[in-house]
Each structure stands twice: as C-alpha cells, then as structure tokens.
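Line by line, the protein sequences are chains H and Z. Residue 59 in this note's numbering sits at position 59 of the first sequence, and the numbers go up by one each step. Residue 1050 in this note's numbering sits at position 50 of the second sequence, and the numbers go up by one each step.
Because the hints were derived from the structure by calculation, they are not lab data. We put the beta carbon where it would ideally sit given N, CA and C, even for glycine. Heads up, some of the hints might be wrong.
Straight line, CA to CA, 20 Å or less: simulated SDA-like cross-link-like pairs of lysine to any residue [stated by the list, open to error]:
1) Z:1087 / H:203
2) Z:1087 / H:20
3) Z:1085 / H:156
4) Z:1085 / H:257
5) H:27 / Z:1116
6) H:27 / Z:1120
7) Z:1085 / Z:1120
8) H:27 / Z:1125
9) Z:1085 / H:29
10) Z:1085 / Z:1037
11) Z:1085 / H:185
12) Z:1087 / H:264
13) Z:1085 / H:200
14) Z:1085 / H:17
15) Z:1087 / Z:1132
16) Z:1085 / H:20
17) Z:1087 / H:205
18) H:27 / Z:1085
19) Z:1087 / H:363
20) Z:1085 / H:118
21) Z:1085 / Z:1036
22) H:27 / Z:1129
23) Z:1085 / H:205
24) Z:1087 / H:78
25) Z:1087 / Z:1062
26) Z:1085 / H:131
27) Z:1087 / H:17
28) Z:1085 / H:247
On the chain Z side, residues computed to face chain H include the following (Cβ under 8 Å) [claimed, not checked]:
29) 1056
30) 1070
31) 1071
32) 1083
33) 1098
34) 1142
35) 1180
36) 1233
37) 1237
38) 1259
39) 1262
40) 1295
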Amino acid sequence: MSEPAPTDRGAWLLVARRDFRVRLRDKGFAISTAITLSVLSAFILIRAYAGGGTPSYELGVVGAASAGAPAAALARQQGIDLTVRAFPDEAAGRGALSDGDIDALLEGERLIGQRDVPAELTDVVQAAAVAERIRAALDEAGLPPDRLAQALDPRPVRVGTVEPPDPNRDSNAAVAFIGVILLYGQLFGYGVWVATGVIEEKASRVVEILLSAISPRQLLAGKVVGIGTLGIVQLAFIAAFAIGLSMLTGALSIPASAVGAAALVLAWFVLGFAFYAGLFAVSGALVSRMEELQNAMVPINIVILVSFFISVGALQDPDAPVVVIASLLPFSAALAMPVRIVLGAATAPQIAASVIILVSSTLLLIPLAGRIYAGAVLRTGARVRLRDAWRAAG
Amino acid sequence: MLELIDLHRRFDDVVALDGVTFTVPEGTIVGFVGANGAGKTTAMRIALGVLAADSGEVRWNGRPVDAAARRRFGYMPEERGLYPKMKVHDQLVYLARLHGLARADAERRADEISETLGVQGRAGDRVETLSLGNQQRVQLAAALVHEPEMLVLDEPFSGLDPVGVDALAGVLRRQSENHGVPVVFSSHQLDLVERICDAVVLIDRGRVMAAGTIDELRAARARRLVRVEVAGADGEWFASLPGARLDATVPGGVVLELADDLDEQRVLDLARGSGDVTHFSRVRPTLAELFREVVQT
C-alpha cells in the first residue's frame, strides 16, 4: 500500500476533474452548445446576407431612359444604388414589374409598384421630380446657371461630429450584443450547474462520504473550478466558431476587434462566475431537493436578470448613469462593464475600479459562502436557514 | 487505537452528546449500541470529522485526529450515499483517490475490493442500475477501498439479508484480525452485536452508560440469577434459604436472584433435598436484557 499524501491539498483538483468530465459528457451540455451555435450562426448569417450593405433598386421608365436620369443622379449623391431600365411601352414595363425584375415603374408623373414601392425609392424619385420642377421654374425666371446649381444643392447642410466618428461602431454594437447574451447565458447556466451539482451530492447523500475524506472547502472549490473551466472552454469554443464564421461570411469588418472582444468576454466570465458561483453553491446547499432549488435561487436570478437588462440597455446608451453604476457594482459589473468596454464608453479608471471592486468582493464572499456551504450541506430535510447554516459551521 | 474523550455536542436546545468517552483498541470490533436518537450517529460523525464537537477530543494513536489521519479512516454513513449515475469502478477509484491514493494504487485497490465483495462483474455498471444488495456491497467497498486503518460503520447491517449479514461479519472479522484494524459499528440488532463484537459501548441520551466486553458488562451489571427446575417439590421450596429471592416463575421451575454472599451450590443442595432436580443453570442475561436494564436505570 502506498502512503496517502499527508494533506487533502490538491483534492480540489480531483473534484474539479470529475465535475468537468461528468458535465462534458452530459447531454445537456451537448444540447446547450448546439443551440447556442445555431442561434449564433443564424444571427451572423442574417447580418452577413440580409442586413447592412448599400440598398439597390431597379427603376423602370416608360419611354426614354433619360426620364429616370434625375432620380439616378440624386440616388448616386445619396449613396443609393439605383439602376434605370427603359421600356418601350407601359405593357412591357408592367410585365417586368410583375416578374419582379424592377422594383417600381415610372410612367410620366406616376410611380407604380407591384404591391408597394420601397420608401427610399419613392423619396428619391419624388425629390428628383421636385428638383426638376424647381429647376424649370427658376430657369424660366432667368436665374443664372451657377445660382441655379447652388439653390438646387441637395445637401446644403454639412454634417459632422465633435469627436472623430468610430467606423466600427455598428460592428462593435453587434459584438457587444452577442457578448452580453453569451455572458448572461453562461453565468446563469453554469451557476445553476453549480447549484444542482451541490444538490445532487446532497440528495444522493454521497456528500457525507466525500466530507469524511476531504474538507468542505476543497469540495466546493473543486466543484466551482471544474464547472467554471467547462464554462470557459465552451465559451472559447463558441467565440472561435463565431469569429471564424463571421470572417468567412464577411459579417464582421474587423476580426481583430472581435478577437479582443472574445477575450474580454472570457475574462469577465471568469470574474463574474467566481463571484456568482459561491452564491449558487450556497443556494444549492440550503435545500435538499431539486424542486426547492428554483425558490432558493430567486434572489440570484433577479439580480442577474436585472443586470442583463441594464446591460442590453447599455448598447443604446453606454454612458447613462444607471449603466455606469451597474458597471461598477459587483453584482452587475460582469455584464455591464464588458458592454461599455466594447462600445468604447468605459474609461480606464472605471475599468480598474470595476475589476478591483469585483475581485475584492469575490475574495470577501468566498469564505462566507464556504462557511455557509459547510454548515448546510450535511443537513437534509427542511430548507436550512442561512443563520443556522452559519452557526452550524462555527 | 481510537479514543473519543468527553465529547459534547448540542443542536439548538437538544443535547446530542453529553460527555461521551470510549476507546476502540487495535484489532477489536466494538459494537455501538443505543436507542434511536441516543447520539450514535453524532458521535460517529464527530469521530470522522464531518461534524464538529462543541468540546472534547478525538485521538488517533495518542494524537489528536487531523485531516490526514481521517483520510485513512473508512466510513459508511447511516444514510448510504454514492453517485447514482457513476460507474462502480470509476466511483471506487475516485473515492480512493480522494483518500489520497495514487491513480495506479486506486485502480488496483478498486479491482481487489470489488472481487473481495463479489461485485467485480458490475465494475462498468452505473450504481443506480444495481440491486439493493449489490449497492450495499459497493457502499462497503467505498468504505474499504483505500485500505483504511480504522473503520467506522453506521448501521452497516441494516437492510442486509442473513447471507449478507454473515458476509459482512466475515469482512469485519478479517479486517480486525488480519489487519489489526479497529472497527466500530452501530446497530440495533443486539444479538448480532453480541455475536460479532469483542466489546460494546451502550449509549443513552448522549451518555455512555456502559462499556467493555460483554462478560465484563454482565459481571458489572447483571444480577446473579439461577434457573432451577425441581420435580415433586412445592412452589416454595427455596423459602427457607436466606439471600434467595424469586425473580420469575418459568415453565417447570423458577428463576432465583441470589444475594452476593449466597453460594449457588447451597441452592443446589437445598433443591436436591426438595425433589429431583431436572434443571439447574446460571442465567446469562443477553445483551438485549443488559441494554434494557442499563437504559432503564
């Protein structure tokens, strides 16, 4: 017989390895990964092929193509891709319209669509017609050509920004949106896994055998590390998949920034999970059956859900006071701060403060959670009150 | 040698242990006997370190028990527990490793103990698919897989059929005789305890009422009783004998309680003078009777 190691230091590693493997082989893991990947793929593909890009229209005109020239010129100025196709008579034009070859048909002063006319196309054609009438009127009134051109400048107001515009803002918002949804799903899902893992051991009573070999803190640490590591691995896999798919389809303009955002999401998952895992473990330890877990988790659920909604709101206004506060509080920082960072709204001192607050509250929370867990995990039957669990472990 | 020294433990208003002291010497099997709620499980949990005592001490080989010593204990809790979805072999290896064995040793021991307990054919099965009897065997394997230096078993015989009882008794006997492992187990089945144990500890309401070998308990606790059956004598033949008192009437005779200074041979002489003695014996109280007597006082 070999001599056992003198302490149980390192037992957490055995626990972590078991929890990691058991859940890696769990059907729920495969299903959740598949669902996440397919939702993400749909999002990326829609973005790549449906949304974005310059709109393009085909405008049919009856008679000479020159009838559509003013609209085409105006469209070009506005960055709209407009092609004019001439038809010898109305019947030919209507035929093309019903075949879907053209988006609308201009017959003299009438613009006709099959079922509707795209609003943007209408605006361009209308504006071009107005400009033509004004040009004709002013020309008739004898206005010199240079004054005429000046009066008819379609963009007399110059548009600018105080700060240089971020060319990737749209792309970043998309990344931040995906990131916050992933973070929310991952923090919540893996937190619940910690809680159910605790209950499994409690309900099957195996926990008493485990605790005769190793300390509650080793068991808790191993469980959190094992499940958290699986969360990181899954998240990294999903991020790599998403970035790869985006690059293939051209949905994201700047892959480098997406890689940075993925690293950011991973880092904040680690911070957030470390904070929440202890709370989830405690809620699992306080009850004895899966059915009771929902109730025990309600407070944590609400906190995470509110943080999530604030963070989604941050996509619109990352500098709103409630968002800034949420990005600093430990309960919500893991969701709100990464959004603000990706959108470029967070200042360096804010990021530093957020990380310091989150890490130090986690360090405060771990021994508290460990003590309550140790005091509650061997108690079966009725739900254990926090105060009793605290004293039992004293 | 395991020593429990003056253990106290309360749960809110309930005093579970009120100064529990006893020892489990090397190579002996100690039966831990008491009514429900007497404090057996609490004492065992404290010995294993899964529960803390309010005061008192647990010593192993003369030194206070620490985590390292406890990892060499084997434990079977009253509430049986294993991972239901984990395979038997994986589970035993995992538990052995938590107790500090290296991977290769854990693998080897898991195979050995499975064979010893007759569950080697189930190594690849999940625990939840096993019959209750086999689950019980795996549970025992979990307590033994790391070759413990000390065994603490809470109601190990409950739920076993007579064959299982004999098998488990044999395993405990071998652990104790061949490996010198001290064994302590609790049980309600007092006849079983009497048959298997070298010594017993009687606990009642958190206090140890008696401890020692069963003969010692008899000597210390039991009254001196003789059963006499005399054919042809009247029912009061012993009335003239000072120090003899009728304890009970039994079919064909009586049970007499003898005073300390009354020689049983004098009782026999008188009986033979009264008629034909068909039966004369010392009444050895069973453990159950001793237990009842101790708990009532």
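To see whether the hints hold, each was checked on the structure:
1. For the proposed pair residue 1087 (chain Z) and residue 203 (chain H), the alpha carbon gap of about 18 Å is at most 20 Å, so the pair holds.
2. Proposed proximity of residue 1087 (chain Z) and residue 20 (chain H) is supported: the alpha carbons are some 16 Å apart, at most 20 Å.
3. Proposed proximity of residue 1085 (chain Z) and residue 156 (chain H) is contradicted: the alpha carbons are some 74 Å apart, above 20 Å.
4. For the given pair, residue 1085 (chain Z) sits about 43 Å from residue 257 (chain H) by alpha-carbon distance, which is inconsistent with the 20 Å threshold.
5. Between residue 27 (chain H) and residue 1116 (chain Z) the alpha-carbon distance is near 35 Å, which puts this suggested pair outside the 20 Å criterion.
6. Annotation: proposed proximity of residue 27 (chain H) to residue 1120 (chain Z) is violated, straight-line Cα distance about 28 Å (limit 20 Å).
7. A threshold of 20 Å between alpha carbons decides the hint, and for residue 1085 (chain Z) with residue 1120 (chain Z) the separation of about 18 Å falls inside it, so the pair holds.
8. Taking the CA atoms of residue 27 (chain H) and residue 1125 (chain Z), the gap is near 19 Å; set against the 20 Å cutoff, the hint holds.
9. For the hint linking residue 1085 (chain Z) to residue 29 (chain H), the alpha-carbon distance of about 16 Å falls within 20 Å, and the restraint holds.
10. A distance of roughly 32 Å separates the Cα atoms of residue 1085 (chain Z) and residue 1037 (chain Z); the hinted pair therefore is violated under the 20 Å criterion.
11. The suggested pairing of residue 1085 (chain Z) with residue 185 (chain H) is violated, with an alpha-carbon distance near 26 Å, which exceeds 20 Å.
12. Distance check on the hinted pair: residue 1087 (chain Z) and residue 264 (chain H) sit about 39 Å apart at the alpha-carbon level, beyond 20 Å; violated.
13. Of the supplied pair hints, the one linking residue 1085 (chain Z) and residue 200 (chain H) holds, its CA atoms being roughly 10 Å apart against a limit of 20 Å.
14. Restraint check for residue 1085 (chain Z) and residue 17 (chain H): the C-alpha separation of about 16 Å stays at or below 20 Å, so the hint holds.
15. Distance hint between residue 1087 (chain Z) and residue 1132 (chain Z) is fulfilled; the C-alpha atoms sit about 15 Å from each other, no more than 20 Å.
16. As the CA atoms of residue 1085 (chain Z) and residue 20 (chain H) are separated by approximately 15 Å, the hinted pair is consistent with the 20 Å bound.
17. Between residue 1087 (chain Z) and residue 205 (chain H) the CA atoms are separated by roughly 17 Å; this keeps the pair inside 20 Å, and the hint holds.
18. Under the criterion of a C-alpha separation no larger than 20 Å, the hint pairing residue 27 (chain H) with residue 1085 (chain Z) is consistent with the structure, at around 13 Å.
19. Using a Cα cut-off of 20 Å, the hinted pair residue 1087 (chain Z) and residue 363 (chain H) is violated, with the two alpha carbons roughly 36 Å apart.
20. Distance restraint check for residue 1085 (chain Z) and residue 118 (chain H): the Cα-Cα separation of roughly 60 Å exceeds the 20 Å cut-off, and the hinted pair is therefore not satisfied.
21. Straight-line distance between C-alpha atoms of residue 1085 (chain Z) and residue 1036 (chain Z) comes to about 32 Å, which puts the hinted pair past the 20 Å bound.
22. Straight-line distance between C-alpha atoms of residue 27 (chain H) and residue 1129 (chain Z) comes to about 19 Å, which keeps the hinted pair within the 20 Å bound.
23. With a CA separation close to 13 Å, the supplied pair residue 1085 (chain Z) and residue 205 (chain H) stays within the 20 Å bound.
24. Only pairs whose Cα atoms come within 20 Å are accepted, and residue 1087 (chain Z) paired with residue 78 (chain H) is rejected, the gap being roughly 69 Å.
25. Note on residue 1087 (chain Z) and residue 1062 (chain Z): the hinted pairing is violated, with a Cα-Cα distance of about 38 Å set against a maximum of 20 Å.
26. A C-alpha spacing of about 78 Å is found between residue 1085 (chain Z) and residue 131 (chain H), which places the hinted pair above 20 Å, so the restraint is violated.
27. For the hint linking residue 1087 (chain Z) to residue 17 (chain H), the alpha-carbon distance of about 16 Å falls within 20 Å, and the restraint holds.
28. Among the hinted pairs, residue 1085 (chain Z) with residue 247 (chain H) is inconsistent with the structure: their alpha-carbon atoms are about 42 Å apart, more than 20 Å.
29. For residue 1056 (chain Z), the suggested interface contact is broken, since its CB lies about 16 Å from the closest CB of chain H, more than 8 Å.
30. For residue 1070 (chain Z), the interface hint holds, the least distance from its beta-carbon to any beta-carbon of chain H being 7 Å, beneath 8 Å.
31. Annotation: residue 1071 (chain Z) was flagged as interfacial toward chain H, and the flag holds, the nearest CB pair being 6 Å apart, inside 8 Å.
32. Taking 8 Å as the C-beta contact cut-off toward chain H, the hint placing residue 1083 (chain Z) at the interface holds, the least distance being around 5 Å.
33. At its closest, the beta carbon of residue 1098 (chain Z) sits 4 Å from a beta carbon of chain H; the interface hint therefore holds under the 8 Å criterion.
34. Of the supplied interface hints, the one on residue 1142 (chain Z) holds, with its beta-carbon coming within about 6 Å of a beta-carbon of chain H, less than 8 Å.
35. Taking 8 Å as the C-beta contact cut-off toward chain H, the hint placing residue 1180 (chain Z) at the interface is violated, the least distance being around 14 Å.
36. Checking residue 1233 (chain Z) against chain H by beta carbon gives a least distance of about 60 Å; that is not within 8 Å, so the hint is violated.
37. Interface restraint check: residue 1237 (chain Z) against chain H, minimum CB-CB distance 60 Å, threshold 8 Å, status violated.
38. With a least beta-carbon distance of about 50 Å to chain H, the hint placing residue 1259 (chain Z) at the interface is violated under the 8 Å criterion.
39. The interface hint given for residue 1262 (chain Z) is broken, as the beta carbon of that residue sits about 52 Å from the closest beta carbon of chain H, more than 8 Å.
40. Hint status for residue 1295 (chain Z): violated, given a least beta-carbon distance of 27 Å to chain H, over 8 Å.
Of the numbered hints given earlier, the model fails hints 3, 4, 5, 6, 10, 11, 12, 19, 20, 21, 24, 25, 26, 28, 29, 35, 36, 37, 38, 39, 40; all others are met.
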